[in-house]
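Fit chain B to the known structure of chain A by using the hints.
Protein sequence lines correspond, in order, to chains A and B.
Under this note's numbering, the letters of the first sequence match residues 171 to 735, in that order.
Under this note's numbering, the letters of the second sequence match residues 171 to 735, in that order.
There may be inaccurate statements among the hints.
Note that the list lumps identical chains together, so a pair holds whenever it fits in one copy or between two copies.
Listed below are the simulated DSS-like cross-link pairs for lysine-lysine, each with C-alpha atoms no more than 30 angstroms apart in a straight line [to be verified]: (1) Lys-555 <-> Lys-351; (2) Lys-688 <-> Lys-247; (3) Lys-476 <-> Lys-569; (4) Lys-688 <-> Lys-381; (5) Lys-176 <-> Lys-381; (6) Lys-503 <-> Lys-569; (7) Lys-555 <-> Lys-322.
Hints listed in this document are in silico derivations from the structure and should not be mistaken for laboratory results.
Single-letter residue listing:
2 protein chains.
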Amino acid sequence: MIEPKKIVIIGGVAAGPKAAAKCRRLDQTAEITIVEKGYNFSYAGCGMPYYISGQVSNAYELMETATGEIRGAEYFKNVKAITALNRTEALTIDRENKKIRIKNLETETECDLEYDKLILGTGANPAVPPIEGIKLLNIHTLHSIEDCEALKNLIDTGAKNVVIVGGGLIGMEMAEAFRIKGLNVTIVEMLPHILTYLDFSMAKLVENHLKEKGCKILTSLKVVSFGHEDGSIKVSRVNLSDGSSIQADFVLVASGVRPNSFLAKEAGLEIGSYGGITVNEYMQTSDPNIYAAGDCVEYYNRQTKKNVFAPFGSTANRSARIAAINAMGGEAKFPGILITSICKLFDYNIGMTGLSEREAKKMGYDIVSSVCPAPDKPHFMQNSKPIIVKVIAEKSTGKLIGIQVIGLGDVSKRVDIMAMALTNEMTAFELANVDLAYAPPFSPAMDNIITAANVLENKRQGIMDGISVEEVYEKIENGEDIFLLDIRGDEEWEWRHLANSTHIPIGELRNRLDEIPKDKEIIAYCKISLRGYEAALILEANGFENVKVMDGGLLAWPYKYETGK
Amino acid sequence: MIEPKKIVIIGGVAAGPKAAAKCRRLDQTAEITIVEKGYNFSYAGCGMPYYISGQVSNAYELMETATGEIRGAEYFKNVKAITALNRTEALTIDRENKKIRIKNLETETECDLEYDKLILGTGANPAVPPIEGIKLLNIHTLHSIEDCEALKNLIDTGAKNVVIVGGGLIGMEMAEAFRIKGLNVTIVEMLPHILTYLDFSMAKLVENHLKEKGCKILTSLKVVSFGHEDGSIKVSRVNLSDGSSIQADFVLVASGVRPNSFLAKEAGLEIGSYGGITVNEYMQTSDPNIYAAGDCVEYYNRQTKKNVFAPFGSTANRSARIAAINAMGGEAKFPGILITSICKLFDYNIGMTGLSEREAKKMGYDIVSSVCPAPDKPHFMQNSKPIIVKVIAEKSTGKLIGIQVIGLGDVSKRVDIMAMALTNEMTAFELANVDLAYAPPFSPAMDNIITAANVLENKRQGIMDGISVEEVYEKIENGEDIFLLDIRGDEEWEWRHLANSTHIPIGELRNRLDEIPKDKEIIAYCKISLRGYEAALILEANGFENVKVMDGGLLAWPYKYETGK
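So here's chain A without its partners, still in its complex pose (with noise of 0.2 angstroms):
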């Protein structure tokens, strides 16, 4: 008889138990043992902000099956025949005689467990900056069920003001869940705005839908200190790089993540750049019996074909599996990853996937790009809702770069669309022509990344010449004396324009050409710049040749009105 094989696998959240999962689907004899640290396995980690904001009511929810069984050490044993050990720390890696020492840390014991294959899927752990009172009571992370719990219980005994520090993905979805528990929140991010992987009227544009929820927002801001009142341990103030200070009860520190990927160095495994595990295509670490998966490795990113560290929960189930299959035998190639990423912020939902055009530029791609807002599905329906679409491509070929979609409809649909163009590496054409679906409750007759994608081909082949609206409010604030040509109609026009702008509606601007300077340089646009740009054509057939199109016309200003004034 064969002895069966032994499969260890340390972390017991996200990555390990999917791999595990799939270990014993493709062996019933091994043996598969997962370690876990902490308490609890298995728990939806991208949960924890809705089990604060109380929309999940039970932190158990986070950790049951989709019919309400909890996985915990019985169900891996009954259900999936895996011995689960939490509380038990995994100390070191014997890659010489392929046993781990582990440690429980409820009665202290250690001994030692062999494996044939060992999977890693520690995680990350938050990243804590180094200022100066950080170790002040009630400054938190957020990575555990016992951080939420932490949280929820600061929250129910009459903590009002919070600070986040840091604008990335969790402290933002932490910020909606502490205002829907009526905190007054305030939020501190050392760059110029939130969001970061976003361009930046893309993020502003977010910013003040923030705002409008009640967030305050302190963007090119550093926490210098953390202060207390005398005699007290806990946090009462934060200090910020202006000389300001902040009023807190209680801190939230998301200033992102680091791999989890202690374990493997001591062992001597390989170590990327940004400190995750090193992995090839198998999942498999420099050691062959070591395999690693989730958010301890460092990824190959398909589009710009180097590796990165980007943590995220679907990531680390998609990469587990590939470890596992790897692990018990069988041969299957991750692809990588595109860093697709998505939130919901009150009522605006995020999304992106590829390169931001600051990244881009940063990487010497010569771009462009096409802003299209417009509802989500045809106006004449009543669930129809804005979105704004950024498409960036390759100047010169049109290939496809990467996607920015934000507001109230649906987002998640059309970066998904675009992580399908970006794997396939298609141009702004051949994404403008996919047969994608079509019924009026669910999109417009022309996808909004279609319209997008075709924009940005006009702009491309020179048919239409943009200009941002970052570009825009420069040359306002710099006084360059431009002619802003606002074409909507009257009551679009009554409701608010831009300071300085001039009023023509389209349908009188062929009748009316004479009220426009040819000297100047005439920036045409509407609420969404489509007839922007349609006045900027007959501008041009007209003899004017200094005309551009504002990207993405008014819906896309993320600035006030009155500028420039």
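Showing chain B alone in chain A's frame:
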């Protein structure tokens, strides 16, 4: 000075106005004329069911731009500098002299209209089957705003009983609209199920939903005649092929549409086997000066590499844009279509792209499929709703062939992801490893389509042996001696279960193997057949040789539970 280019466009509903607008954007000096037989231009035909149901309150909304301007002759003149002639019929095309003969239907006057390039966007007409009594009053089709008004008038004047002839997309959308208006709705479909592009069991699940919403559905029955009361010329009965008869205050005939290619045919242009105008990849007809787009043409199916007739508003828009570019001297190739469709029927969303299992088999493919019901978001999210994903691929290669997605949740995203996959000829394994957007408000960590692709890959590699609900049903009905193994939890079993099935919860299975016969065919399942799959693996590892997993579990079971009792 160069003579301005003369562009004439026949058809003013979908493809025509789109082509006209694009021509104008490409050339500010061209003389562009739209000739439309009906009263209205550029209306959203796909929105008509929502106008009839009252979800769209005013017919004008279907003819408005997003900013509220009616797309009438004035609009085309002022905003687009396009001459739009309504109530004007194109009588003949004189290809030699490059002119068309038109007739003003109000004044009955005729004249010629010269063109440099002609674009045909003549659309499609409802197919009217030659059934006895078809000319009776109150038998309608749905094609124009005028048809909508006639139907609305019938409802407003007290009609209560409607019979819909044809279980296709438009018929079913109208069934919902009529139910919303409080009518008794009976659908008659001559094939074995409605929405005949779906596979049998998926369509039956949709039928179950429509029945829950009060629709009466009669399948495998033909209408043999329409009857009327003595002395009346109004329809009052619909007589069926089984001898039965249904009371009807009015009838909607929704038996598909046929390309309106009469004018093209008369002019000697090449016509395809489905009666649509033949075009090349430039949307150019057999006359190089005549282009065609929209529902009047046959499209190249990029998946099957054959021409098809597939009228969709989205295709009309995309193809019209390409026709316009080429007509104006540019060069753009239309890559063809996939036949992607989606509809909303009550709370159900129903989408599909590519081939069904039935079609694929008919075309000679050796196929493998997976059926995966699951919540469209993590089960702990309050807004999560179930969907069922059926994916079909080629067995030998795993190359994807098609998808069907139905259910209460987000269907359109998964259909569009598959449209992208088919466009790029991806395999199931490749699809399963795409970096799609994940956050709990939008999708599970492993998206439903990724899970479906993984299950398909398991079946393809022989790790999982599936059996369709249709096959299981047939075995039960035929009295075959099979062992139905329901491995759900106690509560699930108590709620309901198949007749003559045996209940062993998955957690007890390893200890109760002696209750299962080794000599029978065992069919394992649970709610969605994930635990069913694990049960099969356990049984196979314990010497059971004839074990199958029922695809999709009980959520995919469209039949009565007491079947075969």
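Checked hints:
For the homomeric pair Lys-555 and Lys-351, the shortest alpha-carbon distances inside one copy (26 angstroms) and between copies (25 angstroms) are both at most 30 angstroms. In this assembly of identical chains, Lys-688 and Lys-247 lie within 30 angstroms of each other by CA distance solely across copies; the values are 25 angstroms between and 79 angstroms within a copy. Taking the shortest Cα distances, Lys-476 and Lys-569 sit within 30 angstroms of each other both inside one copy (18 angstroms) and across copies (28 angstroms). In this assembly of identical chains, Lys-688 and Lys-381 lie within 30 angstroms of each other by CA distance neither inside one copy nor across copies; the values are 40 angstroms within and 66 angstroms between.
With identical chains, the CA atoms of Lys-176 and Lys-381 are never at most 30 angstroms apart, being 54 angstroms at best within one copy and 53 angstroms at best between copies. In this assembly of identical chains, Lys-503 and Lys-569 lie within 30 angstroms of each other by CA distance both inside one copy and across copies; the values are 25 angstroms within and 17 angstroms between. In the homo-oligomer, the alpha carbons of Lys-555 and Lys-322 lie at most 30 angstroms apart only across protomers (28 angstroms), although the nearest pairing inside one protomer, at 33 angstroms, exceeds that limit.
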